[in-house]
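Given the sequences, and given the hints that come with them, work out the whole structure.
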Amino acid sequence: MPTSFVQAEFRVCIDDDRCRRCGRCVQQCGWGVYSFDERPLPDDVKCRACHRCVTFCPAHAITIEKSPLAFRDNASWQIGLRKSIWRQAETGGVMLTGMGNDKPYFSVFDHLVLDACQVTNPSIDPLREPMELRTYLGAKPDAVQVEADGAGGFRLKPGAGLRNNVELEAPIIFSPMSYGSVSLNVHRSLALAATRCGILMNTGEGGLHEDLFPYQDHVIVQVASGRFGVDPEYLNRGAAVEIKVGQGAKPGIGGHLPGEKIDEDVSVTRRIPCGADAISPAPHHDIYSIEDLRQLIFAIKEATGYKPVGVKIAAVHNVAAIASGIVHAGADYVYLDGFRGGTGAAPQVVRDHIGIPLEIAIAVVDQRLRDEGIRNRASIIAAGSIRSSADMAKAIALGADVVAIGTAALIALGCHLCQGCHTGSCSWGLTTQKAELTRRLDPEWGAERLSNLVRAWSHELKEILGALGVNAIESLRGSRERLRGVGLDAQTCKIIGVKPAGL
Amino acid sequence: MSAPLFFGGRVVGHTRAAPPVVRSGDRATIDCQSTYYTHVNDAVRQAFAEGVQTVCLDNVNGQRYIGTGLAGADRRIEVHGTPGQALGMFMDGPTIEVFGNAQDGVGNTMNGGTIIVHGSAGDVLGYGMRCGCVYIEGDVGYRVGIHMKAYKDLRPVLVCGGKARDFFGEYMAGGLLVLLGMDSRLPGPVVGGHLATGMHGGELYVRGEIEPWRCGKDVAVFPATAEEMEALGGVLADCCAALAKNLDEVLAAPFVRVRPASLRPYSELYTSL
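Keeping their order, the protein sequence lines are chains A and B. The numbers in this note's numbering rise by one with no breaks, and the one at position 158 of the first sequence is 158. The numbers in this note's numbering rise by one with no breaks, and the one at position 39 of the second sequence is 39.
Hints in this document: simulated from the structure, not taken from any laboratory. Take every hint as true, because none was put in to throw you off.
One-sided and incomplete, this derived list gives chain A residues near chain B with beta-carbon spacing under 10 Å:
1) Val-94
2) Leu-96
3) Gly-98
4) Pro-281
5) Ile-300
Derived DEER-like restraints, expressed as beta-carbon distance ranges:
6) A:Glu-167 x B:Gly-72: 31 to 37 Å
7) A:Arg-18 x B:Asp-153: 53 to 59 Å
8) A:Asp-142 x B:Gly-234: 52 to 58 Å
9) B:Asp-238 x A:Arg-163: 43 to 49 Å
10) A:Asp-142 x B:Asn-61: 26 to 32 Å
11) B:Leu-273 x A:Cys-13: 18 to 24 Å
12) B:Asn-61 x A:Ala-490: 52 to 58 Å
13) B:Leu-273 x A:Ala-75: 19 to 25 Å
14) A:Gly-198 x B:Ala-73: 36 to 42 Å
Computed from a predicted model, the values in this text were never measured in an experiment. Just so you know, even glycine gets a beta-carbon here, dropped at the ideal spot from N, CA and C.
As C-alpha cells, then:
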C-alpha cells in the first residue's frame with residue numbers, strides 16, 4: 001500500500017545549465033528538501049515554497065512551480081479538503097497549521113474606501129506641514145478639567161491630565177508573538193525596532209528574555225492562562241501588562257508548545273523544564289466572569305503600581321458586549337484580534353472557521369463603548385491581518401486607536417507565508433529554535449527592516465490624513481463618515497455604520 | 001477605627017483614607033476596619049518600605065490583594081479577620097499568616113513565600129503557582145492547585161487540611177499538592193470530581209481513599225509507597241508545625257498518590273500537510 005496519497009504541492013526546478021553545484025540550496029533549506037549527489041536532488045514533497053533556496057541560489061538556477069498534477073475539479077470537494085482527509089485517515093490527528101486564516105472569506109477592508117478633500121476644503125501636504133501621529137494608549141479622563149491660571153487664562157487642573165498612558169509615536173505596535181513560537185532574534189529585532197520607532201512590542205505568553213530588559217519601556221508583557229514566566233519582576237518590567245484571553249487564529253482554545261521547542265533558553269523565560277510541554281489551558285481558570293477579570297486586572301495593577309492593563313480577546317459573535325464588560329472591569333485597552341489573525345500553531349478547523357472579521361468587531365465595539373459613554377476609558381487595539389497602511393487607516397476610521405501587526409512584521413523579516421510555523425523548521429529562522437536556523441536573522445538587520453516598514457506606513461498614513469484634510473490621527477479616529485462601502489451589502493453597512501459610496 | 005460612611009441612610013461601606021497605623025519597633029499594626037483595599041495595601045507597602053519586618057492587619061473584612069506582588073523573604077504579614085480575594089497573588093518571598101478564613105485566589109501565580117491560613121479558603125487557590133508554600137487548615141473550594149508548575153529548584157507546595165471540591169490539581173505540571181481531608185466541616189467525600197484532569201507532571205497525594213471515577217481519564221491512583229511517604233514527611237511536618245496539627249494523627253491513615261498516565265499527553269494529537 002502507498003504510505004500516503006498526498007502528493008507534492010510544488011515542483012522544485014533546477015536549471016542544470018546554471019547550477020554551479022555549490023550546495024547552497026542544500027544548506028539553506030530548513031525542510032530537508034535537498035540531498036546532494038554530484039548535483040542537488042530535490043524531494044518535492046517536502047517543499048513549502050518558502051523561497052529560501054531561490055533567494056540564496058547564487059546562480060538564480062532554482063524556480064518553484066505549482067505542481068501541474070491535475071485533480072478532477074469539484075467546487076465542493078476542494079483539493080485541500082481531500083488532502084486533509086487523506087492525511088487524517090493516515091494519522092488520526094488534528095490538522096495543525098501556522099499563520100492566519102487563508103480561506104477566501106469576504107474582506108470588508110477591501111470593500112471600504114476613504115474620502116479626500118476636493119475644492120471645497122483644502123487637503124494638506126504632509127511633506128510640508130506638521131502631521132500628528134502620536135497616540136496615547138490607555139484610559140483617558142471623563143472630562144477636561146481646567147482652572148484659572150491667575151493671568152487671565154486657563155490651565156489643566158493638577159491631576160486632571162493623562163495618567164498611566166503609554167506614548168506611541170505612531171498608531172502601530174507589534175502584536176504578541178511568544179519567544180518559543182518565534183526565535184529570540186525575532187524578539188530582539190522587534191524590541192530594537194519598537195524602541196527606535198517609539199512604539200511597542202509584545203512578549204506574547206512566553207516570558208521576557210533578559211536580552212530584552214534594555215528595551216523594557218517598549219515592551220508589553222503578557223499574562224496568559226499558562227502564566228508562563230509571570231512573576232512580579234516580569235510584570236513590573238513591562239510598559240503595560242496584557243491579559244491574553246483569546247487569539248483571533250484560535251478563539252476559545254488553549255495552546256500547546258511541544259516539548260521539542262522548549263530548549264534551555266526557552267525554558268528559562270517560561271520557567272518550565274527543558275523538553276516539557278508548555279500547556280496553556282483554554283480559559284484562565286481564575287477568570288470565569290467579568291468580575292473575575294476585574295479581580296485579575298486590579299491584582300496586576302496592585303502588583304505594578306497601577307500600570308496600564310489591557311485585555312486581548314478574539315473577535316467573536318458577542319464581541320461588543322464582551323468588550324463593554326472588559327472596559328467596565330477596568331481594562332485600559334481592549335485588544336481585538338480578528339479571525340484572520342496569525343498564529344504559530346493552531347488547529348486548522350479552528351483557525352479557518354471560528355471568529356468574526358476584525359473590521360466588524362472594531363466598528364461594533366467602538367459604537368457600543370460610545371453608546372455607553374465609556375469609550376474614553378479604554379483604547380482599542382485592532383489586529384488580525386492588518387496588511388497595509390490602508391488597512392490601518394480604515395481600522396482607525398472604524399474606531400480603533402492603534403493597530404498591531406504580527407504577520408506583516410514577520411513578512412518584513414523574511415516570512416514567505418509558507419504556513420509551516422508549527423513545524424519548528426522555518427528556513428528563514430523566524431519560527432524555530434534550531435540554532436543553525438535562528439542565526440540567519442541578524443537582529444540589527446531585522447530591526448532596520450521593521451523600522452523601515454513602520455516609517456513607510458507612517459508616511460503613507462500621513463498622506464491619507466493629508467488627503468482627508470486633517471492633520472492629526474485623532475481626527476480620523478472613529479470618523480466613519482470618512483469611509484464609504486463599495487460592494488458592501490446594506491446590512492453590513494448598517495452594522496459598521498458606514499454609508500455606501502454615492503451617499 | 002473609622003466607621004462605615006453613611007450618605008442619606010445608604011451605607012457606602014468603606015472609607016477611602018489611609019488607615020491608622022501604630023508602629024512598635026519593627027512591627028506595624030494597621031486597623032483595616034472598613035478601609036478600602038487600596039489604602040490598606042498602600043499602608044502595608046509603605047510600612048515595609050520604612051523597614052518594618054512584621055505588619056499586623058487587624059479587623060480585616062474582605063480587603064483584596066493583601067500581599068499581592070510583594071517581595072522580600074524576611075517580611076511577614078499577620079491577618080486578623082477575613083482577607084479578600086487574591087491574597088498573596090504574584091507574591092515573591094514574604095510570609096502571610098491568616099487567623100481566620102480566606103476567600104478565593106490565595107497564592108494565585110505565587111512565586112515564593114509562605115501563606116498559612118488558620119481556617120478554610122475558597123476557590124482557585126495556587127493557580128499557576130511556581131514556588132513557595134500554601135498551608136490551609138480547613139476546607140477548600142473548587143479549582144484548587146490548577147496548573148502548578150516546577151522549574152529547577154522552584155517547587156510549589158500546597159497542602160489543604162480539609163476537603164476539596166471539583167477540579168483539584170487540574171492541569172498540574174509540577175510541584176506538590178496534598179489533600180488531608182481532616183477536620184472538615186463539609187459533608188461528602190474528601191475530594192470532588194475531575195480530580196487532576198489533564199495532569200502532566202508534579203506530585204499529588206490524598207490522605208484516604210479515592211474512587212477512580214473522581215479522577216480525570218488521564219491519571220491513575222496508586223497507594224503511596226514507603227519511599228514516597230518518607231519524601232512527603234518533611235513537608236507534612238512543616239505543615240503540621242505551621243497549623244499546629246498532630247503529625248502522627250496525619251500519618252495514621254494511608255495516602256494515595258495520583259499519577260499522570262503521560263508526561264506528554266498531547267504529543268500524538270496533531271498532524272499536518
